[in-house]
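S.K.: The lines below spell out each chain.
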Amino acid sequence: MALRETRQDNGVVVVHVEGQLVITNRAELKDRLQERLAAGDRRFVIDFTGTPYIDSSGLGALVTIAKRIREEGGDVRLAGLNDDLRQLFELTKLDTLFSISATPDQALAAF
Amino acid sequence: MERITVQVPSSIDCIEEAVSVITRHCLAGATAEPREHFRLQVALSEALANAIVRGNREDASKRVYVQADLGPDRILLNVTDEGDGFDPATVPDATRPEGLEQDGGRGLFLIHCMVDDVHFNAQGNSICMTLRRP
Numbered sequence: 068m069a070l071r072e073t074r075q076d077n078g079v080v081v082v083h084v085e086g087q088l089v090i091t092n093r094a095e096l097k098d099r100l101q102e103r104l105a106a107g108d109r110r111f112v113i114d115f116t117g118t119p120y121i122d123s124s125g126l127g128a129l130v131t132i133a134k135r136i137r138e139e140g141g142d143v144r145l146a147g148l149n150d151d152l153r154q155l156f157e158l159t160k161l162d163t164l165f166s167i168s169a170t171p172d173q174a175l176a177a178f
Numbered sequence: 014m015e016r017i018t019v020q021v022p023s024s025i026d027c028i029e030e031a032v033s034v035i036t037r038h039c040l041a042g043a044t045a046e047p048r049e050h051f052r053l054q055v056a057l058s059e060a061l062a063n064a065i066v067r068g069n070r071e072d073a074s075k076r077v078y079v080q081a082d083l084g085p086d087r088i089l090l091n092v093t094d095e096g097d098g099f100d101p102a103t104v105p106d107a108t109r110p111e112g113l114e115q116d117g118g119r120g121l122f123l124i125h126c127m128v129d130d131v132h133f134n135a136q137g138n139s140i141c142m143t144l145r146r147p
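So the sequence lines, in the order shown, correspond to chains A and B. Quick note, my numbering runs 67 ahead of the 1-based positions in the first sequence. Quick note, my numbering runs 13 ahead of the 1-based positions in the second sequence.
Read the hints as simulated data drawn from the structure, not as lab findings. Check each hint, because a few of them may be wrong.
Distance ranges between label pairs, derived from CB positions [said to hold, decoys possible]:
| id | chain 1 | residue 1 | chain 2 | residue 2 | range |
| --- | --- | --- | --- | --- | --- |
| 1 | A | 68 | B | 19 | 17 to 27 Å |
| 2 | A | 153 | B | 15 | 29 to 39 Å |
| 3 | B | 133 | A | 86 | 25 to 35 Å |
| 4 | B | 130 | A | 101 | 34 to 44 Å |
| 5 | A | 73 | B | 37 | 29 to 39 Å |
| 6 | B | 97 | A | 77 | 50 to 60 Å |
| 7 | B | 15 | A | 119 | 22 to 32 Å |
Reference listing, derived: stretches of chain A covered by chain B, where coverage requires no fewer than 3 residues with Cβ under 8 Å from a Cβ of chain B [claimed, not checked]:
| id | segment |
| --- | --- |
| 8 | 89-100 |
| 9 | 155-164 |
In this text, a Cβ means the ideal position worked out from N, Cα and C, and glycines have one as well.
Taking the hints into account, I'd like the entire structure generated from these sequences.
M.R.: The following block contains the structure:
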């Protein structure tokens, strides 16, 4: 998995996840978001357009990340989930915990 | 019925490759739909993670044994670790409101969602999953 960041003019940080988010690499995403939080960023979009699979550990990492961001007064939105991954969020009811948009642009527009 | 057996070391670094290899063999020669591939991927990766992390506690001296029986209408997957086992009845519902914000506890739930039947042996260290083929 590789992580790439882009920053919008309005300060929203978009983290693009390229590859699977699974038990072996979930800490990388948590650490990256934690770094950005410590640097003062508060609004995030996590873009999964390039992500074919997220396992239960990856889902758990996202829950923990979102909790930390919200505790700091921030917000995080998810985008670009494929149909299978979208179904995982629905089955686990995590779609009630996250704002999920079809594309990063739609997620950005919702801020 | 064709049978595939694989031994997986107790390292989480082995999960991705093991899932890829076993899934490829299970679906070789079949006209598998993408949905079937995804169901296998979820079931195998979650069962292997549970076996390696919770069952064998990442003990390098232990192995996880995967056996796949491939039939025309179904795939039977057995994943067995060398741990003490657990009682699956004690695993709480991952979708209960108080559990939604917890980091863990969704693996077994997702397995139940993705396969048609789930059984454990009496010791609780071996899971048998049945996927009916479309």
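S.K.: All the hints need checking, so say for each whether the structure fits it.
M.R.: Verification of the hints:
About 24 Å separates the C-beta atoms of residue 68 of chain A and residue 19 of chain B, a value consistent with the hinted range of 17 to 27 Å. A beta carbon spacing of about 34 Å between residue 153 of chain A and residue 15 of chain B agrees with the range 29 to 39 Å that was offered as a hint. Checked against the given bound of 25 to 35 Å, the beta carbons of residue 133 of chain B and residue 86 of chain A, roughly 32 Å apart, stay inside it. Between residue 130 of chain B and residue 101 of chain A the CB atoms are about 41 Å apart, so this pair conforms to the stated range of 34 to 44 Å.
The supplied range of 29 to 39 Å is met by residue 73 of chain A and residue 37 of chain B, whose beta-carbon atoms lie about 35 Å from each other. A hinted range of 50 to 60 Å holds for the C-beta pair residue 97 of chain B and residue 77 of chain A, which are about 53 Å apart. For residue 15 of chain B paired with residue 119 of chain A, a C-beta distance near 27 Å keeps the hint of 22 to 32 Å intact. Evaluation of the coverage hint for the segment 89-100 of chain A: fulfilled, as 3 residues show C-beta separations to chain B shorter than 8 Å, against a requirement of three.
Check on the segment 155-164 of chain A: 7 of its residues sit with their Cβ under 8 Å from a Cβ of chain B, so the three-residue criterion for coverage holds.
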